[in-house]
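Enquirer: These are the residues of each chain, in order.
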Amino acid sequence: MAVRASAKPILITILVFIILEGGALWMMSSSSFFQRTRLNNAYIQVEQKFLNTNSNILYYLSLKEANTVLASENSFLRNSLAKYQAILDTIRTRDSVYTPLPDSSTFSYIPARIIGNSTNKSHNYIIINKGRKAGIKEDMGVISANGVVGVINAVSDNYAHIISLLNINQSVSAKISHSGAFGPLIWNGVSSSHAVLTEIPQHIKFRMGDSVVTSGYSAIFPPDIPLGKIVGSKIVMGTHHEIRVKLFQDFNTLQFVNVVVNNNRDEIDSLMLKGNEE
Amino acid sequence: MKNKIISDIILFFCFLLVQVLLSNFINFGPLVFISIYPLYILTRSRNINPAMMLFLAFAMGLATDYFTGSILGLNAAAATLLAFIQPALLRLVTKKKELEGPVRPGLNELGLRRFFILVLLGLTVHHIALVELENFSMVLNIYSVIRIALSLVINTILIMLTEFGVFYKNWR
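Sequence order for the protein chains is A and B.
Residue numbers for the first sequence follow my numbering, beginning at 1 and rising by one.
Residue numbers for the second sequence follow my numbering, beginning at 1 and rising by one.
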């Protein structure tokens, strides 16, 4: 009668085997200098690997804090950059006449962290952890280090709701940095890393790899924020180019954003209203 | 049953004695090492407890190391490895329901060809383990290969002769 061996005795055998071999190795290392040196080397290597991994894990755990610090520092730097830009503009236009420097620039930035994000729908939305209390209002632009993220469409006290650039109803005024030709950049709902720049007249010349930046004509976004690069184009209806743009921003890994505050927004709006009335 | 255990113990010490005598009192040079005790481990019957067998092999190897003055634990490790793979080797050379129970898998029971394969495979594993552990690296240089091959030839002949001369004839 053949009795099938169950798992337990086999496990015991393997355990005994490992213990005995370990004992033999230990005896060898304690009785022979050569074997001891080799074993010590191996042990040190393993220990180094372990310590390395350990420090990597610790580094990873502290990344969150580091990110927050970097994000606030970024906003601060952007704010000061915008201020100096404004000063520079003033100096350029009226270099002979002394004028008091403006105490605020056109654009300032509020850092925020994304707490909700989607990339797999045709109407994608993002939620950030700053709201009305932090000075955020509707129709403000949202950017990150790699380009435009979206436009705020609803605000509560502590949170804000953003229509992502990856939304088929959203468009951003963009231009080809090389030639300056501008048109709306829209998302066609195909891939989260590509968008389409339309209404570029047919006579405009451009090359693959040219960068696409914001035009700055919309009062929502400051000009010359990089958006992506040209990877393909076709002519639609014989009149204009439809350009495929590879976005610099990876929306799947987005974490920290800056909300753009246009300090002269009201003035521009009232001016436009006045112009329309006349 | 009790008789069998006592004869097994006597066999154990006989193998140990022969091993120690061969290793200590005959100088074969640095290229050849003599191992006769693998025969004892390879011809354990199938009904013995595997864990018990590991302990026996370990004790055999350790005693060999101790009495022949080699690195303590070297032969013990190799012998334990051999005892660990012995059931697999036996399964390789026998059919399914063959040699069940307390039958000793010797030259008489297995026949010359199958017994030779069993010994050759077992000794190859044992010798490679022994030399690798002595060098303590996974790389085989040409010296180690020559050492393994020479020892393998001599030990195989020695074990086949011992089996034929001591166990095969007495069984009849």
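In short, the hints are calculated from the structure, not lab data.
One or more hints might be untrue.
Partial chain A-side listing against chain B, Cβ under 10 Å, derived [claimed, not checked]: (1) Ile-14; (2) Phe-17; (3) Thr-37; (4) Leu-70; (5) Asn-74; (6) Ile-114; (7) Ile-115; (8) Lys-229; (9) Ile-230; (10) Val-231; (11) Ser-233; (12) Ile-235; (13) Met-237.
Simulated crosslink set (DSSO-like; lysine-lysine; CA at most 30 Å straight-line) [said to hold, decoys possible]: (14) B:Lys-97 - A:Lys-234; (15) A:Lys-246 - A:Lys-274; (16) A:Lys-83 - A:Lys-121; (17) B:Lys-4 - A:Lys-205; (18) A:Lys-137 - A:Lys-121; (19) A:Lys-137 - A:Lys-274; (20) A:Lys-49 - B:Lys-97; (21) A:Lys-246 - A:Lys-234; (22) A:Lys-64 - B:Lys-4; (23) B:Lys-4 - A:Lys-49; (24) A:Lys-8 - A:Lys-83.
Glycine included, C-beta positions come from ideal geometry on N, C-alpha and C.
Enquirer: Next step is simple, just say for each hint if it's right about the structure.
Expert: Hints, one by one, checked against the model:
1. Ile-14: Ile-14 of chain A check passes; min Cβ-Cβ to chain B is 8 Å, inside 10 Å.
2. Phe-17: OK, holds: Phe-17 of chain A within 10 Å of chain B, min 5 Å.
3. Thr-37: Because about 9 Å separates Thr-37 of chain A from the closest Cβ in chain B, which is inside the 10 Å limit, the hint holds.
4. Leu-70: Violated - the Cβ of Leu-70 of chain A stays beyond 10 Å from chain B, reaching only about 46 Å at its closest.
5. Asn-74: With a minimum Cβ separation of about 51 Å from chain B (threshold 10 Å), the hint on Asn-74 of chain A is violated.
6. Ile-114: 50 Å, violated
7. Ile-115: 52 Å, violated
8. Lys-229: With Cβ-Cβ at 50 Å, over 10 Å, it is violated.
9. Ile-230: With a minimum Cβ separation of about 54 Å from chain B (threshold 10 Å), the hint on Ile-230 of chain A is violated.
10. Val-231: 49 Å, violated
11. Ser-233: With a closest approach of 58 Å, the Ser-233 of chain A hint is violated.
12. Ile-235: 64 Å, violated
13. Met-237: Violated: closest Cβ of chain B sits about 69 Å from Met-237 of chain A, beyond 10 Å.
14. B:Lys-97 - A:Lys-234: Violated, because 76 Å separates the two Cα atoms, which is more than 30 Å.
15. A:Lys-246 - A:Lys-274: It is violated: about 39 Å lies between the C-alpha atoms, which goes past 30 Å.
16. A:Lys-83 - A:Lys-121: Between Lys-83 of chain A and Lys-121 of chain A the Cα gap is close to 38 Å, so the pair fails against 30 Å, i.e. violated.
17. B:Lys-4 - A:Lys-205: 98 Å, violated
18. A:Lys-137 - A:Lys-121: Judged against 30 Å, a Cα distance of about 25 Å means the pair holds.
19. A:Lys-137 - A:Lys-274: Holds, at about 23 Å.
20. A:Lys-49 - B:Lys-97: The hint is violated at about 49 Å.
21. A:Lys-246 - A:Lys-234: Holds, at roughly 15 Å.
22. A:Lys-64 - B:Lys-4: 71 Å, violated
23. B:Lys-4 - A:Lys-49: Measuring from Cα to Cα gives roughly 52 Å; hence the hint is violated.
24. A:Lys-8 - A:Lys-83: 75 Å, violated
Going through the hint list in order, the structure does not satisfy hints 4, 5, 6, 7, 8, 9, 10, 11, 12, 13, 14, 15, 16, 17, 20, 22, 23, 24.
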